[in-house]
Amino acid sequence: MASYDTIIIGAGMSGLAAGIRLAMFDQKVCILERHKVPGGLNSYYERLDRKLDVGLHAMTNFARRGERGRPLTKLLKQLRIPYEKLELSQQHFSRIVFPENQLSFSNDPQLLVVEIGKTFSHQKDNFAKLLDIVKDFDDVNLNNQYQSAKEKVREIIPDENLLEMIFCPLLIYGSAWENDMDFSQFVIMFKSIYLEGFSRPKNGVRAIINLLIEKYLQLGGELRLGAGIKKIDIENGVVRSVILDNGEIIQSNKVMSSIGLPETMNIVSEKQECPAAGAMSFTETILFFDKKPCDAGIQETIVFYNNNEKYDYKRPQTLCDFRSAVICFPNNFNYDDQNEGVIRVTYIANFEKWNELDRKTYLLRKKEVSKESLSLITKLFPEFKAKLLYCDVFTPRTIMRYTGHIKGAVYGSTQKVRDGRTAIKNLFICGTDQGFLGIVGAMLSGISMANLHCLMKETRHEV
Amino acid sequence: MDAQTIRQKIIDIIADIAVDEDLSNLDDNIKLRDQLDLDSMDFLDVVMELKKRYKIEVPTEDYPKLATLKSCIEYLGPKLP
Chain A
389 MASYDTIIIG AGMSGLAAGI RLAMFDQKVC ILERHKVPGG LNSYYERLDR
439 KLDVGLHAMT NFARRGERGR PLTKLLKQLR IPYEKLELSQ QHFSRIVFPE
489 NQLSFSNDPQ LLVVEIGKTF SHQKDNFAKL LDIVKDFDDV NLNNQYQSAK
539 EKVREIIPDE NLLEMIFCPL LIYGSAWEND MDFSQFVIMF KSIYLEGFSR
589 PKNGVRAIIN LLIEKYLQLG GELRLGAGIK KIDIENGVVR SVILDNGEII
639 QSNKVMSSIG LPETMNIVSE KQECPAAGAM SFTETILFFD KKPCDAGIQE
689 TIVFYNNNEK YDYKRPQTLC DFRSAVICFP NNFNYDDQNE GVIRVTYIAN
739 FEKWNELDRK TYLLRKKEVS KESLSLITKL FPEFKAKLLY CDVFTPRTIM
789 RYTGHIKGAV YGSTQKVRDG RTAIKNLFIC GTDQGFLGIV GAMLSGISMA
839 NLHCLMKETR HEV
Chain B
4 MDAQTIRQKI IDIIADIAVD EDLSNLDDNI KLRDQLDLDS MDFLDVVMEL
54 KKRYKIEVPT EDYPKLATLK SCIEYLGPKL P
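Chains as they are written, first to last, in the numbering used here: chain A, 389 to 851; chain B, 4 to 84.
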């Protein structure tokens, strides 16, 4: 029977990063991934020779080479990957579009300060106060308790319109909660989007995944694709082994699971309390055109659009909520490696509604979402006159199938386990449900959980 | 082992951890943390590399002895074969 120091469940960003750390310090480690393609929530696929990315539109947490104390530089050091290898290309700028007002922001935080000064001049000082609080807050402390971000930020910024506009990108890029988030989460997201900003690795998300896999294998780690886990076998509160779908049993001293907290608790053999899955899921339309948006003068990298009085970040009662959207222009980073024009449109969606459709209606509704996406692009950017070459839509159902997240909940459960511990002694959680989000957050989650639970104890050093 | 060799061994470890840093002008008397972007997570890596490469165990209470290159050389000298 095969036996390991640590088994990692899931070859997404967090699992791969954890694997690199463990293999680096000579642990016998194996990553088990259900799918044939690694990446988890941030993965990719190909259709008709076109490369499609799923997951985040951009990498958050941009940092320049050698910039000190940034999450990105921290994680590159921990993984011992040189900065240049990512070949990051910065965003032009992004825009939050609400019925009454618009705000632009870029990787230079000063732009947002100036924009708020212009549009919400009476809130200028309050925003400066918020910036100070965010900068001083210890957001990655593993002992932080839940606190409503909306309540806390409202005390500083009483203007509801500005409050909603600030929250909009942060909620849709990382909140498992409806219309709110945990304040620590808010600070992490605020820094990663407004203070550090967006960039894109050359060739998209697959470039990062390939980089991580190459490093992991080089260090002697084992990776098994197409190896789904049926059960985690527990005896007296301790993991004994994992059992694969094909019946194979693998022993391990420790198990690090990146598949989500409820998803993990669902497959342990001794009944455990199972937290509820999150409610937030999405559809995304990926459209390919014969022209690039910049040919029509469109320079935005990402547009956060809301046409409702309030920004309603909530599971809709219909298939999709078309009142708000995120529109991403992957061509509009400083370096464009794509041959065609690409636009991605994300809508908040309801998993149950999508899941109950029969195949024929499902395909029909997908088509309607792509039509809706196209007409939104035309409405917001009438100057963009291009021929649609190809279009694909993924739905909450697709997300569940490929990520295994219950109800296609992209940002996982609303219950996060920041220290990664579970009721089972040698079973730990990393990734989405540990609570550091985004591509950079996910990798940092894998690193810090591997350090804390699998490396520090081994050398008997306390934190 | 002479001080120069020990110094080089420590720099080799740091070079592997901080791949993007320039290590050519390090001052032996100034704290490494003040010269380089190294945090507590990275110092843990230095400790783990010492164990991995030279089987040297550094207990938590001795961490301050790794603060500068000079103190590293003094501390590790007797432990290196």
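Among the clues, some could well be false.
[Said to hold, decoys possible] With a straight-line cut-off of 30 Å between C-alpha atoms, the simulated DSS-like cross-links for lysine-lysine are:
1) A:K416 with B:K73
2) A:K603 with A:K618
3) B:K12 with A:K603
[Unchecked claim] In silico negatives: residues of chain A with every beta carbon more than 10 Å from chain B:
4) M389
5) N598
6) L613
7) M844
Think of the hints as simulated: they come from the structure by calculation, not from any bench. Don't be surprised by glycine CBs; every beta carbon is placed ideally from N, CA and C.
Now for the hints, and whether the structure bears them out:
no.	hint	verdict
1	A:K416 with B:K73	35 Å, violated
2	A:K603 with A:K618	28 Å, holds
3	B:K12 with A:K603	23 Å, holds
4	M389	28 Å, holds
5	N598	18 Å, holds
6	L613	28 Å, holds
7	M844	7 Å, violated
Checked against the numbered hints listed earlier, the structure breaks hints 1, 7; every other hint is satisfied.
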